[in-house]
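Engineer: Below are the chains, spelled out letter by letter.
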Amino acid sequence: MQLCLVEFSRPNNDTGLYLSESFTNSVSSFPIEEIILFQSTEQPCHPLQDELKMLFPDSILRLEPLEPISTDSISSKIQQQPWQLLRTILSKLDYCQESLFVFGRGTGLHQHLMWLASEIRGSKGIYIDEPDAEINSIANSQIEADITKATLGAFASLAAQEIIDKVQDKDGWVNSDDLAKSAGAIASGVNAATQLPLKEGYIIKKETPSGNTIYKLTNKGWPVALEYYAQSRSKDSVKDLLVSFARLPEIQIQSGDNPNPLNLFSHFAPSQPFDGLVVVLQKHTEEVEGSHIMTLDDACDFFVDTSFIGDLRGAKEILRQRCLFDSVKEKTHLVIINPNYNENFQLNFSKNLLSTLINFESEHGQYSWNFDITSPMNPIKIAVSIFSNASNAATSYILKSQGEPGAVIKDIERSRHPRHSHKLPVPNRFALEVMKENHKEGYRNILVALMLLEDVMNDSVANRLPFDDTPETHFDGVEWKEIQNFVRDLKCPYDISKGILTGSVTRMRPFIPKRLVLRHLPEEGSSKLRFKLTNEGYLVASQLYAEITKEEGV
Amino acid sequence: MSDFVWVDDRPAERLACPHCYQNLVKMDDSYEMSIRGFVKSQLTDSDERYLVAIHGICINEHSPDVNESPFGVPLILESEYDHIPKPYQLSEEEIEKDLVPPTPAGPSMSTKNAIKTKATNALGDHLYELDPPYTIEQFMSSHQHDGESQAIGKINSSAYWFDLLWPFLIDGFNTNSSGTIKEKVLITVYLHKTAVLRHIEPIWMYYKRFGTNSRTLERVEASMPAELPHHFQRLIDKIEVDYEPDRSTIESLIHNFMHNKICQKMDSQNLHSFISSANDFLNEMKHATYSGHMSCYDFLISNQLVNPTIRVGGYVLPHAGIIETICIYATLQHKSSSTADDLFRAVFPSENAPMWKMVLSDHGAAIGDSVKLNRLIKHIRQSQGQ
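Chains as they are written, first to last, in our numbering: chain A, 1 to 554; chain B, 1 to 386.
Calculated from the structure, these hints are not laboratory results.
As the structure is a computational prediction, the values presented were derived from the model and not from experiment.
Among the hints, erroneous ones may be present.
Chain B stretches covered by chain A per the calculated footprint, using a threshold of three residues with CB under 8 Å from any CB of chain A [said to hold, decoys possible]:
{"id": "1", "region": "64 to 77"}
{"id": "2", "region": "114 to 128"}
Sample of chain A residues with no beta-carbon within 10 Å of chain B, all distances over it, derived [claimed, not checked]:
{"id": "3", "residue": "P44"}
{"id": "4", "residue": "H46"}
{"id": "5", "residue": "Q195"}
{"id": "6", "residue": "N260"}
{"id": "7", "residue": "P261"}
{"id": "8", "residue": "D275"}
{"id": "9", "residue": "R313"}
{"id": "10", "residue": "K316"}
{"id": "11", "residue": "E317"}
{"id": "12", "residue": "K481"}
{"id": "13", "residue": "D489"}
{"id": "14", "residue": "R507"}
For each residue, glycine too, the CB sits at the ideal point set by N, CA and C.
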C-alpha cells in the first residue's frame with residue numbers, strides 16, 4: 001500500500017514532532033510499502049523526511065515534486081495549474097497498489113486535489129490530526145429510482161429546515177409525512193423508497209411507541225442525500241452565490257505601533273463578480289468551551305460575553321456595507337468556533353451550511369452555488385470538498401500573489417495580474433464523473449494515443465519564448481490520419497491500435513460534447529478537422545494510460 | 001520654562017445622529033465602541049474604513065429600515081445633519097476653458113474628502129486597479145486645509161486619480177439616478193480614461209477587472225440621468241469626435257494586455273516592431289475591400305459593435321479596444337498561434353453567458369467567433385497580397 005501526503009514544515013508545538021503517535025499507530029495498521037511525499041514548494045523539509053524514515057523504516061520514501069503554484073505566468077497558464085497538479089498527483093500513483101491519502105496539511109488547493117485523487121482512485125483517507133475519525137466518501141450510489149432519490153434528497157432539505165426553524169426536539173428523525181412535503185417524495189411510497197438506502201446504511205429507522213416508523217439520515221448517507229437534493233434544484237439560475245471562508249478578523253487590536261490590517265472583504269474580492277455572498281467565519285479560541293456552529297446573527301447574541309463579540313459585530317458590519325456597495329445580496333453568514341474532526345461536528349457543519357444556503361435562497365431566489373476553497377480551516381477542508389462536490393458547485397481557489405502577506409515566498413515583486421485572474425477554477429465534480437466513466441477499449445485507445453502524440457509534439461516546441469517566431473510545425477492539434485500513423489508506428493509493449501486503425505474519424509465525435517477533445521478546422525492548408533485534448537481530456541487519458549500499463553503489467 | 005501650549009478655545013461643534021438628530025444616546029469610549037464593532041480611528045488601510053466612527057456612535061434603537069448596523073450608528077457633526085451637498089456648478093468661464101476646472105476653485109476640501117472617501121469605499125480593494133492610467137496615493141491628510149490644496153497638487157503626480165476625476169465624480173454623485181456609488185464611479189472612470197487619457201480597453205475587460213458582472217453593465221443606463229451632467233456630456237462628445245483606432249490606441253491596448261498579463265511582456269525593440277506591425281494591419285484593414293466599395297474597417301464599424309441597449313444618457317458606449325484587439329490578435333498569430341489563442345481566449349472566454357457576448361451587438365459578437373475572425377483576418381491579408 002502507498003501512503004500519500006503533502007510535505008509540510010511545521011511540527012507540533014508541544015512535542016516537536018511532525019507526526020503524532022496516534023497517527024503513526026493508525027497508519028502502521030496498514031501494510032505501507034511506499035510513502036509518496038508530494039513536495040509543493042521548493043523548500044524541502046528534511047526533518048519530516050527523517051521522521052518518516054524513522055517511523056516507517058520498512059517503507060520506501062519517494063519524493064515527488066509538484067510544480068509550485070505561482071502567479072508568474074500569463075493568465076491562461078495560471079488558470080490551468082489546478083488541473084495540471086491533479087494530473088501530476090494521479091500520474092505519480094502506482095496503480096498496482098492501494099493508496100492511503102493523508103489530509104490535514106498543505107494549502108486548501110492541495111488538500112482538495114489530494115481528496116479528489118483519493119475519490120477518483122476509490123482510496124481511503126485519514127486525517128493527520130485525528131486518525132480515528134471517519135471520512136465520508138462520495139459513494140458510488142446504486143440508487144436509480146427517482147422516488148428513492150427524491151426521498152433521500154428530502155432528508156437533506158428537512159435537516160436544513162430543522163436548523164432554520166430552530167427545532168430542538170427531533171434530532172433529525174422524520175416521518176413519512178415530513179418526507180412527503182418534498183417534491184417527488186410521496187408518503188405512501190416512503191417504505192419502498194427507503195429500502196435500498198436502509199440497506200446501504202444511508203438511513204436508519206425505528207418504531208415510535210405509537211407505532212409510527214421514523215427515519216434518520218446517517219453520516220454515510222449525507223453526501224448522497226445532498227447530491228440528490230442538489231440534483232432536484234432547477235439548473236437555470238444565472239446568478240452566482242459565492243460561499244467563502246475566512247478567519248474572524250480581529251478589530252479590537254487597535255493599540256500598538258503596528259496593528260494588523262483588518263482585511264476581511266479582500267479575501268472575497270478576487271472572486272468577484274458574484275451576485276450573492278455567504279461567508280463562513282472561523283475562529284479557534286480557548287475562551288469558549290467546545291465547538292459551535294451558528295449564524296452570524298445568532299453569534300452576535302450568543303457570544304455577547306466573550307472578548308471577540310466586537311469582532312463578530314464588526315465583521316457583520318463590514319459585510320453589510322461591502323455587499324451594499326457591490327449590489328451583492330446577503331441574508332446571513334455562518335460562524336464556526338473551534339472546528340474539529342468529530343463526525344457529528346462535520347455533519348452538523350454541512351447541515352448548517354445547507355440551511356444557510358436554503359435560507360438565502362428563500363429570500364433571494366435560486367442562485368448557482370460557487371465554493372471558494374481557499375480558506376476553510378483544516379478540520380473542515382474535506383467537508384467543504386465533499387459538500388461542493390456532492391452539490392456539483394463550481395469550485396475555485398484564490399492564488400495569493402507571491403509577494404503578499406501570508407504567501408510562502410515574500411519580498412519579491414507582487415503579481416501584476418488583475419485580482420480576478422488570481423481565481424483559479426478547480427477540478428471537482430466534472431473531473432470525478434469523467435474519471436469514473438467506463439470508457440470502452442476503442443475510445444480509451446484514442447484518448448491515450450492523442451495524449452502520447454501531444455506529448456511528443458509538445459516536447460518539440462518546449463523551451464521557446466512566447467514571442468519567438470514559431471516554426472511551421474508548431475502544435476495545433478492533429479488530424480485523424482496523424483493519430484493512425486502515430487499508432488501504427490508506435491513501438492510499445494501493449495496494443496492500442498483497436499478502435500484507431502480499425503475505426504474512422506467519426507469515433508472522435510463522442511468526446512466533443514463531453515469536453516474531452518477540442519476540434520477545429522484550420523483556416524490555411526488542409527481542410528481536415530484537427531483534434532487536441534482539453535485539460536480534462538488529458539487527465540482522463542493519463543489515467544486510462546495508467547490502467548493500460550497496470551493491465552499489461554508493464 | 002514650560003513650552004507654550006496653544007489651546008483651541010473655540011466651542012466644539014455639536015454632534016448629531018443621522019437618524020435621531022439630537023435625541024441621540026452617545027457612546028464614544030473606545031473599548032465600548034469596539035465591543036459594538038466600531039473603531040474611533042482608521043490606523044491601517046484596510047476594512048477598518050467601514051467601522052470608523054470618529055465622533056462616537058449613537059446606541060439608540062434605530063428602525064430596521066434605516067439600513068445601519070444594529071449595534072450603533074456613527075455620529076456626525078450637526079452641520080452635516082440633513083445636509084445634502086449642493087451640486088458643484090461650474091462657472092461659464094470654466095466651462096469654456098476645459099473639462100477640468102483650475103485647482104483653487106471648486107468645492108471645499110471637506111467636500112472633496114467626503115467624495116473621495118465615498119469613491120474609495122465603493123471601489124474597496126479594486127481601487128488599485130485604477131493604476132494605470134491613474135496613480136494611487138496612500139492617503140490625503142484630512143488635516144490639510146483648503147489653502148494647501150496646491151501643495152497637495154505638487155506632492156501628487158499629475159495623474160493622481162482623484163485630482164483628475166473629482167469634478168466628474170461630484171457631478172455623478174449629485175445626480176438623482178438610481179445607480180450605486182460604485183456603478184457611478186466605474187462608468188465615470190471608463191469614460192474619462194478613454195476620452196482624456198486615451199487609455200484603451202474593451203469595456204467588458206474593464207468591468208471584469210473591477211469585479212463586476214454583466215448585470216452591472218445592464219444597469220449602466222440607470223447610473224446616470226437621461227440628461228447627462230455637463231462634464232459627462234463633454235466626455236461623450238470628446239470620444240465621439242476624437243476616438244478612432246490608430247497606432248496610439250493599439251499601443252495603449254497592448255500595454256494594457258501586458259500589464260494585466262494577458263500576454264507576455266516584450267522588450268522595447270520587439271514591442272516597437274510589434275506595434276508597427278499591428279498598425280500596419282489596421283491600415284490593411286482600412287484598405288481591404290469587404291464587399292463592393294466598403295473597406296473591412298468600414299464594414300466593421302458600419303453597425304454598432306456595442307449592444308445598443310448598453311447606453312449612458314442615450315449614448316451607446318464606445319467600442320474602444322475592439323478593433324485594436326483584432327489588430328493585436330492578427331499580429332500575434334504571425335508570431336505564435338498558441339500565444340494568439342491564449343490572448344483570444346482571455347478576451348473572448350468560452351464560458352457560460354460570457355460578458356463580452358452581452359456587451360457586443362450581434363454584429364460585434366461575430367468578432368468573438370474565432371472562425372469568423374480568422375476568416376476576416378485571412379481575407380484582409382489576402383487582399384493585401386500576402
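Engineer: Look at each hint and say if it fits the structure.
Structural biologist: Status of each hint after checking the structure:
By the rule of at least three residues with a Cβ nearer than 8 Å to a Cβ of chain A, the coverage given for the region 64 to 77 of chain B holds, with 3 such residues. Here the region 114 to 128 of chain B counts 5 residues with a CB under 8 Å from a CB of chain A, which clears the bar of 3, and the coverage holds. The Cβ of P44/A sits about 29 Å from the closest Cβ of chain B, beyond the 10 Å cut-off, so the non-interface label holds. With a least CB separation of 35 Å from chain B, H46/A remains clear of the 10 Å interface cut-off, as annotated.
A cut-off of 10 Å between C-beta atoms confirms that Q195/A is not in contact with chain B; the least separation is 38 Å. Not every Cβ of chain B is farther than 10 Å from the Cβ of N260/A; the closest lies at roughly 7 Å, contradicting the non-interface assignment. Chain B draws P261/A into its interface by the beta-carbon criterion, the shortest separation being 4 Å against a cut-off of 10 Å. Remark: the non-interface label on D275/A conflicts with the geometry, its nearest Cβ contact in chain B lying 7 Å away (cut-off 10 Å).
Not every C-beta of chain B lies more than 10 Å from that of R313/A, the closest at about 3 Å, which undercuts listing it as non-interface. With a closest Cβ-Cβ approach of about 7 Å to chain B, K316/A is found to fall inside the 10 Å limit, against its non-interface label. Chain B draws E317/A into its interface by the beta-carbon criterion, the shortest separation being 5 Å against a cut-off of 10 Å. Distance check for K481/A against chain B: the nearest CB is about 21 Å away, which clears 10 Å, and the non-interface claim stands.
With a least CB separation of 26 Å from chain B, D489/A remains clear of the 10 Å interface cut-off, as annotated. Its beta-carbon lying about 23 Å from the closest one in chain B, R507/A satisfies the requirement of being farther than 10 Å from that chain.
Hint violations for this structure: numbers 6, 7, 8, 9, 10 and 11, all remaining hints satisfied.
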